[in-house]
Every structure is written in C-alpha cells, then in structure tokens.
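Those sequence lines, one after another, are chains A and B.
Using the numbering used here, the letters of the first sequence map in sequence onto residues 1 to 137.
Using the numbering used here, the letters of the second sequence map in sequence onto residues 1 to 376.
Think of the hints as simulated: they come from the structure by calculation, not from any bench.
All values reported here derive from a predicted model rather than from experimental measurement.
Among the hints, a few may not be true.
As the list claims (entries may be wrong) - Mimicking DSS-like on lysine-lysine, the simulated pairs with C-alpha atoms at most 30 Å apart in a straight line are:
#	chain 1	residue 1	chain 2	residue 2
1	A	K50	B	K225
2	A	K95	B	K254
3	B	K254	A	K72
Claimed, not checked - Computed spacing ranges between beta-carbons, pair by pair:
#	chain 1	residue 1	chain 2	residue 2	range
4	B	P226	A	L40	52 to 60 Å
5	A	L25	B	T99	31 to 39 Å
6	B	N357	A	C51	23 to 31 Å
7	A	T35	B	K375	56 to 64 Å
8	A	H124	B	A188	39 to 47 Å
9	B	G268	A	E123	54 to 62 Å
10	B	S245	A	H124	23 to 31 Å
11	A	L40	B	K180	46 to 54 Å
We put the beta carbon where it would ideally sit given N, CA and C, even for glycine.
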Amino acid sequence: MTTQTYDKPLPIIDELSKPFWDHALEHRLSVQACTHCRHLQFPPSPVCPKCLSDEQEWLVVSGHATLLSWVKFHRAYWDGFMQDIPYDACLVQLKEGPIMVSNFSGPTPANVHIGMPLKVTFEHVTPEVALSRFTPA
Amino acid sequence: MSELHALKNKIAVVGVGHTAYGDFPLISDYGLGAQAFKSAISDCGLEKNEIDGLLVCRVPSYARMGEVLGLNPRWTMTLPGHGRMSGMSIIEAMLALETGAAKYVALIYTNIGRSRRVNYGGEDASSFWNPWGFTSPGAAHAMMFRMHMAKYGTTTRQLSEVSVAFRKHALLNPTAVMKKPITSDDHASARRITEPLGLLDYCLINDGAVCMILTTAERAKDLAKPPVLISGVGARDAFERSAISNFDQDFWYKEIKDAGTQAFEMAGVTHDDVDALMCYDNFSPTVLFSLEGLGYCGQGEAGAYVQGGTLQLGNKLPTNTDGGHLSNSYMQGWGLNVEAVRQIRGECGARQVADCNVVQYIASTPCTRSIIYTKG
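Use the sequences and the hints to build the structure in full.
Structure below.
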C-alpha cells in the first residue's frame, strides 16, 4: 500500500517516539525502559514516572502478550475506517507488563476471550510506518 | 491548619437554574449561560451585583461571560469542559467561600455541542491509539465493560436496567430531552456503536446551560429558599494509570471507594441514609462501577444489584431521578447536582423521592469526586 491510497490516521513521529516506529519497521516491538530504576512503560514519557530519571532507553520485548479486552467498532470515526466497519480494536498486556492498543492481525480470532495468549505481527501500511498487530500465539 | 472535614455543613447551595435542553444553533454559549444565571439568581432572590465569585466551566471565555452579565467579581476561575470538572468546581467554590475569597459564587456551565456538531472521538491526536482505529470515551468504557463481563459475569441485560430506569425517570421530568419509554429489549436491539455497548448505553449530546449559586450556610439563611448544605466531599485522581484516557483496568474501584469514604465520613452518614444517588452516567457501565466503588454492593456485584429495578423511583436506591445524561440532558454532572438540590428541597413533582434528606453525587472518572448534600 502507498501513502496515496492509505487514508487511515498515521502516527505523528517525534523525537520521543521515533525509536518505537524505527523498531517496528524492523518487526521488533519495543517499550521505553528507565536505565535508572528499570521501570518499563508505554507510551513513552519524557521522564520515568516512577523515579523521574530522564535517562531512558528502548527495550525490544518478546512480542508475547495476553488479551485484556476488545471492542468492535460499528461506527467509523475516520473516513479511512468506513470500509472496515465493523472492525475490532484490542487492548493487550505485554508479557513484560505495559499495555498497548492494537488490532487482531486478521478477523476476530475464533474462541476470542480475555486472557487469550497472543503474539505480535507487523503490517507495513506506508514506507515509514509498520503497525504492530496481534494474533493467537 | 484546618481540615476539610471542618467544612461540613458550612457551605450551601442557595440557587439553581438551567435553560431548556435541546438544539439551539442560534444561541451562543453566553446567551445560554445568561439564561441559566438569571434563573438561578431569581431562584435565590439575590441581586446580581451581590455575586462576587464567578466560576465558569466549558464557557469559552470567563471574561466575556462576566462582561455579558455585567459582573466585577473578586474571585474568578475557569475550568475545562470535562465531566469530571463539575464536582471539582463545586469543591473549589466551597474553598473560596470558606476562606472569604468570595461571598456569593455563581458557577456557570454551558454546552453548545449539539448544534455545533461536536464529535466525541476521532480528534484525540494520539499516535498510540488512532493508527489502530481506537478512539472515543465510549470505546474506552466498552473495553472496561467487556472486562467486567468476563471477570464477574455481568450481562448486557443487567446493564439495560440502568438505561431503562433513567428513561423512566426522564418521562416524569418535563425538561428531559428523551420522551419515549424504552425496555430492556429496546436496549438489546439498539444500534451497536462500540460493542458490547449500543446507542442506549451512550449519553445524549444536547445544548443547554446550568447555573448554581453557593454561599456560606450563615448567609444562606437570609435567602429565598431553604438552603441545601454540602455535608461531605471526597476526591481521588488516578493519573498514573491514565495512558489510555477514560480507561482503568480496575474500573477506578480504589479511587471511587476512597472518594466515597471521604464524603461519607465527612458527612457522618452511611449508605442507608442516602435517599437518592446522582451518578455520572456518560455511559451506562460507569453507573455499575460507581455502585461497586461506593459500596452500595460488593465488588463485581453491581449487575445483580441493579436487577429488578433497584435504581428506579420508589425502589431501593432511586438514581438519576431527572433521567441523567442518558435521558435528561448532557450537562456533564451539573444537571445532576441541580437535581440533588431540588430533590432535597422537595421541588421534583412527579419524580420526587419521599422524605428526601440526603443525596449523594458521584462522578467516577480519572478524577473521581463525590458530594453529599443534606438538609442539615
């Protein structure tokens, strides 16, 4: 898919979030890690909310997660999602702790349930952006 | 240093007013705010120039509002148009009155979201949700309700009790936007929006304005209506886990419990003393989370608790007797606080709770607030 035809919202990539999106292009999922107290967090913040250190790095994580919840959108809040409704957005908890908003890699998984083990996949939606999605592990 | 508890019964609501609710494309925020203000002023019998404190919420400019009303207050404050801000505003006004920063505070809320087609969703420029198509406070509550269903066995049928009760109350309220009765079957067959939630789990979007006038209990004695006292308040925010806005994995249970306990202890009342509950209902699941956090039932038991009409007038815990945000008006908590005052005054006509002496307000959000009003 090219940027001309991709009409869903794209991330604003800034200094703080760039490592996440760079890793995603290489099919690696990452979260921010405090080099001082090792607290992991996502989305990224300018300082660690536990110890306020500004010494932070990005840690590539396993890509394993469990399903926390999901919602089926029957309304398109952006025109780009019009052809997809109804579509699922899900919330996953990474094995390493942080939670992330995502989608299932394909249709709603058979036997979908909270606590379902998942693993990450990536889809390149533009040359600059690969989106992490999750599929049953 | 004084304790907040020392403010028990020290501050009173002396005037309330609101506009009609609906779709008013030709009236500005300030026009609506002025109507509500006039109505509240006339309710308490004050001269408008006695107002020396002005708090506005969702009003674009405090200065323009003051100019429109011809006021020169000693104390002015503006807070954003978030539902959580109504309870926060009332507590701020209490503090201003207690310290003498103002003698009579007018709190004005305006909303023109209906006629100006405000969208709730699709505009929260979050690079960490939007690319995946996730947006809107409703979707965050749908995520939470799905978790509540899985964890506690709560059903959408149980959830329908909330919408059905509030609609029933709206039918007894002449100013309510919604006029048609609904059943649990209607709730089940309504258009899905963010499944498991459907249209009847969502609050309305309508125009309108509300004004409340507060002063000290001492000064309140001289005014037109019997004062309604603020007997207890409680507060707890939850910013640490708020990366996904309007979402909490634990349904803000600890925060609601904390805010509720503070309010009950300050007021010196218990659940059994509460004659009516005014519960922020942006989405129907919030009501279940609030009942559990406040301790009207055990954690995870709200689905069973609301079954059989518990929240309806005449039953165990009459809740949102004006129809709430689901069926009366989307005044972001302000309408519910006005209803609390009117219930205690005995002004509610067909929807009046008998012998109403104690009413609790709760808004369960990342900034949870509870207020307990009494006759004193």
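Each hint tested on the structure:
1. A:K50 - B:K225: violated (50 Å)
2. A:K95 - B:K254: It holds: about 25 Å lies between the C-alpha atoms, which stays within 30 Å.
3. B:K254 - A:K72: Holds - the C-alpha atoms of A:K72 and B:K254 are around 28 Å apart, at most 30 Å.
4. B:P226 - A:L40: 52 to 60 Å: Since B:P226 and A:L40 have Cβ atoms about 56 Å apart, the given range 52 to 60 Å holds.
5. A:L25 - B:T99: 31 to 39 Å: Check failed, 56 Å falls outside 31 to 39 Å.
6. B:N357 - A:C51: 23 to 31 Å: With a Cβ separation near 49 Å, B:N357 and A:C51 fall outside 23 to 31 Å, so the hint is violated.
7. A:T35 - B:K375: 56 to 64 Å: For A:T35 and B:K375 the Cβ distance comes to about 58 Å; the hint holds.
8. A:H124 - B:A188: 39 to 47 Å: holds (41 Å)
9. B:G268 - A:E123: 54 to 62 Å: For A:E123 against B:G268, whose Cβ atoms are near 59 Å apart, the range 54 to 62 Å holds.
10. B:S245 - A:H124: 23 to 31 Å: Holds, at about 28 Å.
11. A:L40 - B:K180: 46 to 54 Å: holds (50 Å)
When each numbered hint is compared with the structure, violations occur for hints 1, 5 and 6.
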